[in-house]
Amino acid sequence: MKTFKVPHTDLTVSSVVLGLMRIAKMSNAEIQSLFGAAVDAGVTVFDHADIYGGERHRCEERFGEAITLSSVEREKILIQSKVGIRKGFFDFSSEHILQTVDESLAALRTDYLDVLLLHRPDTLVEPEDVASAFDKLAASGKVRHFGVSNHTPGQIEVLKTAVTQPLLFNQVQLSITHANLFAQGVAANMNGLDQSISRDNGLLDYSRLKGMMLQAWSPFQKGFFDGVFVGDREEYAELNDALDELATKYGVTPTGIAVAWITRHPANVQVVLGTTKPSRVEECAAGSSVPLTREEWYRLFRAAGHTLP
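Counting from 65, one number per residue, gives the positions in the sequence shown under my numbering.
A few of these clues could be false.
Pairwise CB distance ranges (calculated) [unchecked claim]:
(1) 184 / 275: 18 to 28 Å
(2) 266 / 176: 31 to 41 Å
(3) 137 / 218: 38 to 48 Å
(4) 119 / 226: 25 to 35 Å
(5) 373 / 97: 40 to 50 Å
(6) 150 / 199: 21 to 31 Å
(7) 170 / 253: 46 to 56 Å
(8) 255 / 76: 37 to 47 Å
(9) 166 / 188: 21 to 31 Å
(10) 191 / 71: 18 to 28 Å
Hints listed in this document are in silico derivations from the structure and should not be mistaken for laboratory results. Beta carbons are placed, not taken as given, at the ideal position from N, Cα and C, and that holds for glycine.
Build the full structure now, drawing on both the sequences and the hints.
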């Protein structure tokens, strides 16, 4: 498993994160098997959100019911959760943040979250309100580190006008085929090319400059929940040929190569899995440390349909 040092901290984290949004209907034994396989593969970060599971905190509850950790075991992993999405609106009010964290801790049966992320951006955000909640959570020991999800550089800077804790992570959608984060900069300043349009306001460069780690959700999706590209030879034949060839070369699976494409980037992007299969976690972990060459990385980039001017 490839690991990354988190800037501004003494944390070292796995390049692969296990997302737990689909465990609501799994048995305790199935959750234990998934968690055990992840730990054995070197995964140290486990991702939750208050909204996962069909009802508030359901996936967190299932994790807390199934996984019992000693204090030593708990210190070896990082549990992160998210807050801010409510039914029909977003809410970064201090009251909602504080209440949700208490509910998440109870559901997870833990005394603290290693990381709390603000979920989708709340356009009605009051930075001072967020800062008040973060200060109380940090002082009480309920949350050790903070970050955001799906935020632009400008939105992050607005938060930082009041928030004093470092914002360490930003979880965003990224895959080989959904890669404007990488692709826009390659084709910057090209009139009439859709790829040259900035949809994230320079988030990649901002993150590298500020020492903010990106986390890639939906790393195998073609677009916004449009299905996976791995194995899709109807729409992505050339890409799958390249994935298969590189998988054979490096002794991993095509899915592992899709992980390697993300973890190869020097921005040190973590890959957030949504799988419930232990074998998938293992193949992704194996792919995370594959040392793709520049030529191989750009081959996959071009095969996915991105323009290399």
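Here's how the hints hold up against the structure:
For the pair residue 184 and residue 275, the supplied restraint of 18 to 28 Å holds, since their beta-carbon distance comes to about 23 Å. Roughly 33 Å separates the CB atoms of residue 266 and residue 176, a value that falls within the hinted 31 to 41 Å. Look at residue 137 against residue 218: about 40 Å separates their beta carbons, and that is inside 38 to 48 Å. For residue 119 and residue 226, the Cβ-Cβ distance of about 32 Å falls inside the hinted range of 25 to 35 Å, so the restraint holds.
For the pair residue 373 and residue 97, the beta carbons lie near 47 Å from each other, so the given range of 40 to 50 Å is met. Between residue 150 and residue 199 the CB atoms are about 22 Å apart, so this pair conforms to the stated range of 21 to 31 Å. Between residue 170 and residue 253 the beta carbon distance is about 51 Å. The supplied range of 46 to 56 Å therefore holds. Under the hint 37 to 47 Å, the C-beta atoms of residue 255 and residue 76, about 44 Å apart, fit the expected range.
In this structure, residue 166 and residue 188 meet the distance hint of 21 to 31 Å, their C-beta atoms being roughly 22 Å apart. The hinted window of 18 to 28 Å between residue 191 and residue 71 holds, with their beta carbons roughly 22 Å apart.
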